[in-house]
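**Q** Sequence:
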Amino acid sequence: MNFAELFETFQQNMMPEFWGVLVEDLGVTVKSLQILGVGFYPGKQVWVFAERNADGEIIGLTYRTRDGKKFMAEGSKRGLTYVYNENYGEKRYEAGRCHWVQIYRTGRDCPICGRSDWCRVSSDYEDSRGPSAVACNRISEGSTGRVPPDAHLYILDAERQHGANGSVLSESKLPFVIVEGSSDVLAAMDLGYVAIGRPSAKGGMDLLKEMPLARAEIWIIGENDAGVGKEGMEKTFINLKKLSKNIRYVLPPKGIKDLRQWAKSGLTQQVLTEYMERKGRSRPSDMLSSNVPEDIADQFMKDYYTDENGTQLLRLYYDQWIAWSEGIYAKVEKNMLRGRLYEFLRGKRVEAQTKEGKKIVRYAANRNKVSDIIDALNRQCPYYQDPPTWISEQGIQDVSKLIAFKNGILDVDRFCEGDTNLLPLTPDLFTFATFPYDYDPAAWSQMWMDYLAEAFNEDEDSIRLLAQWYGYCCVPDPSMEKLMIFLGPRRAGKGIVIDAMTAMLGKSQCMATSYQQMAEKFGMKPLVGKLAAILGESKQPKERTVNQALEILLRIVGGDLVPVRPMRQEAYDTKLVCRFTIGCNELPMFTDHSQALMGRTNILKFPNSYAGQEDYGLKRRITDEARQGRLINFALWGLKDLHLSGRFIVPGASSEEFAQFRDLTAPMQSFLDECCIISSTSTEPRDRMWTAWRGWCDENGRNPGPKPQFKCWVRQFEPTVELTKEVVDGNREYTFVGIRLQPWTLSHFLGAPE
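Under our numbering, the first residue of the sequence shown is numbered 22, with each subsequent residue one higher.
No lab work stands behind these hints: they were computed from the structure.
Note that CB positions come from ideal geometry on N, CA and C, so glycine has one too.
Every clue listed holds true.
Label pairs and their computed distance ranges (CB to CB):
no.: 1; residue 1: N442; residue 2: D227; range: 21 to 27 angstroms
no.: 2; residue 1: N442; residue 2: R589; range: 40 to 46 angstroms
no.: 3; residue 1: G439; residue 2: G633; range: 42 to 48 angstroms
no.: 4; residue 1: D684; residue 2: D227; range: 56 to 62 angstroms
In silico SDA-like links for lysine to any residue, alpha-carbon gap of 20 angstroms or less:
no.: 5; residue 1: K732; residue 2: S700
no.: 6; residue 1: K323; residue 2: S413
no.: 7; residue 1: K266; residue 2: V215
Can you build the whole structure from these sequences, using the hints too?
**A** Next comes the structure, spelled out in structure tokens:
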């Protein structure tokens with residue numbers, strides 16, 4: 022049941038005696054309450070008001086207790102409160118757009134069953150032709166559908182049901198009144214006005230700008246509540262001034278909080294008109310409180326970078342200006358910020374001391390003044406916590422388990438328990454990451470699943486590992502400390518899978534890099550705030566470059582601090598959350614005697630090559646599926662699987678590649694396996710072992726490394742081996758105890774007879 026149907030159900034709970042209670046609570050008339058529409062929720066013992074978007078659709082329900090406390094129904098979005106014009110749209114009987122009237126209020130009988138109690142008729146029942154639609158509670162035969170909660174729909178006059186009116190607001194010869202909250206809307210209605218209620222002092226601005234108010238006369242009435250009401254009133258004026266030249270705003274007289282209290286004190290339409298003519302302002306507040314940079318910076322922040330809840334939207338993150346927009350924080354170039362400030366200062370006036378005394382003069386902005394104001398912004402804008410994090414203390418969810426979509430935030434822990442409800446987007450969540458589409462729990466791509474079945478020869482473990490990896494890359498939680506290698510021949514599909522992942526995550530959350538770039542001084546800066554780092558297919562770089570990149574790679578994957586050096590800015594240390602995906606035809610030749618890399622690597626084998634039989638449109642079709650959000654539930658399925666199992670699956674199809682990777686990353690282990698015998702009674706001079714090791718490295722294209730490190734590597738892979746000093750041929754020399762070279766090794770690398 023959607024909000025519109027739910028609201029209609031609550032409306033049917035309004036017993037005749039309830040109206041008197043509500044009139045007493047709010048101090049408004051029954052007529053206005055019934056026109057606006059009010060419901061009752063017995064389970065919570067609250068009154069229910071609808072909040073709508075600019076098309077009249079109910080997008081949220083506000084619950085109000087008898088003591089005036091308000092809270093929203095679960096899943097609600099904040100909207101506007103106004104009387105919906107039932108003649109707007111295609112169907113007057115559509116849920117939430119009909120203003121059904123219970124038959125007992127009309128003094129008539131139901132045209133279907135003949136009773137005069139709980140059936141309902143459409144709001145045009147006073148037409149000489151009778152109502153155009155009926156919701157009968159008793160008779161179902163001949164009905165065309167159902168009306169919540171339990172009525173049967175009858176369309177008596179289809180022609181009248183499809184007449185459209187061009188506005189969601191009723192026509193009025195009086196000014197449209199904009200206030201805050203449903204109770205002030207009711208007060209304005211009692212005075213004869215068509216009114217719109219904002220959800221909060223500074224809320225609903227985007228929806229207001231979509232309302233049919235162009236060229237209309239508009240009155241904005243604020244509230245006297247410690248400055249917030251005034252700020253909201255002025256913000257409403259600023260947002261709507263482009264819609265109409267005939268717009269004014271005003272606060273109630275001193276000592277009166279809002280329009281409802283004003284109306285209860287005896288306000289009439291004539292008194293309000295005269296008051297608006299005297300006190301109403303028809304231009305924005307263009308006065309600066311002073312010419313002090315700190316004060317101007319404060320005013321600029323309030324007007325441009327503060328949301329309806331008072332949350333600051335502009336931050337300075339490590340010398341980079343960022344601002345919250347469309348669910349995430351995005352970079353704001355300094356020149357753009359300067360431009361915004363010039364725009365704010367244009368036309369502003371300030372009190373100044375002149376030879377003739379104090380005068381109101383135009384504030385003359387210049388480069389130096391603007392620079393001083395930006396410097397003053399540093400006082401309230403610096404932020405040094407790494408994303409993702411909660412800016413305020415309100416966040417109770419673990420930010421590393423949150424995924425932000427265009428339509429809300431998914432809590433992964435709750436998702437794993439079966440809850441797909443989204444949390445509202447909020448500037449209190451400091452993140453650079455958002456998925457570029459709405460989340461739909463029913464979205465799925467059979468095309469994607471068919472492709473994976475073919476690409477991996479229907480190997481379920483390989484597909485499962487890919488799903489786990491996709492899911493792992495969706496959240497800013499690298500705690501499993503893993504990277505992924507996509508390994509396969511040319512034209513095996515690695516690029517398709519990587520591009521699909523990039524499209525699923527969104528380009529803003531991914532960054533292509535290389536071993537060379539990672540080894541460079543400024544190589545870490547592009548990875549800040551990214552969920553995925555892609556190392557595509559490339560030729561093997563120089564060994565020194567690979568080893569430098571490997572050191573950085575292990576630190577990032579292991580969750581260690583890494584230095585970030587932005588160009589022309591101060592360096593800082595941070596933890597990156599990006600997960601590395603490496604696509605290659607051959608396994609990369611890393612040298613990692615510590616074996617740290619081996620334990621942090623997933624390998625997914627792409628077994629087939631489609632060279633010569635390519636489908637050149639396949640990549641585009643699959644990435645289109647990903648961009649539309651049809652792969653996200655595949656990834657979330659994998660993420661849930663990963664959470665439940667606690668580890669990545671190791672496909673049997675990749676076992677041979679794992680063995681090869683061990684040999685490549687740990688050449689010392691291969692040397693010991695091939696060339697040595699481990700025996701507690703054996704000994705071997707260190708120099709002879711070193712010579713054999715160098716020969717083996719030369720033959721296998723590996724770097725033997727420094728001689729002092731050699732003994733450490735041997736003991737790291739064979740902890741039972743010890744290094745002592747022994748007398749050999751009358752000389753004391755270092756000798757390994759517990760190991761010896763195989764005869765063929767002595768012959769092959771040292772020239773000794775077998």
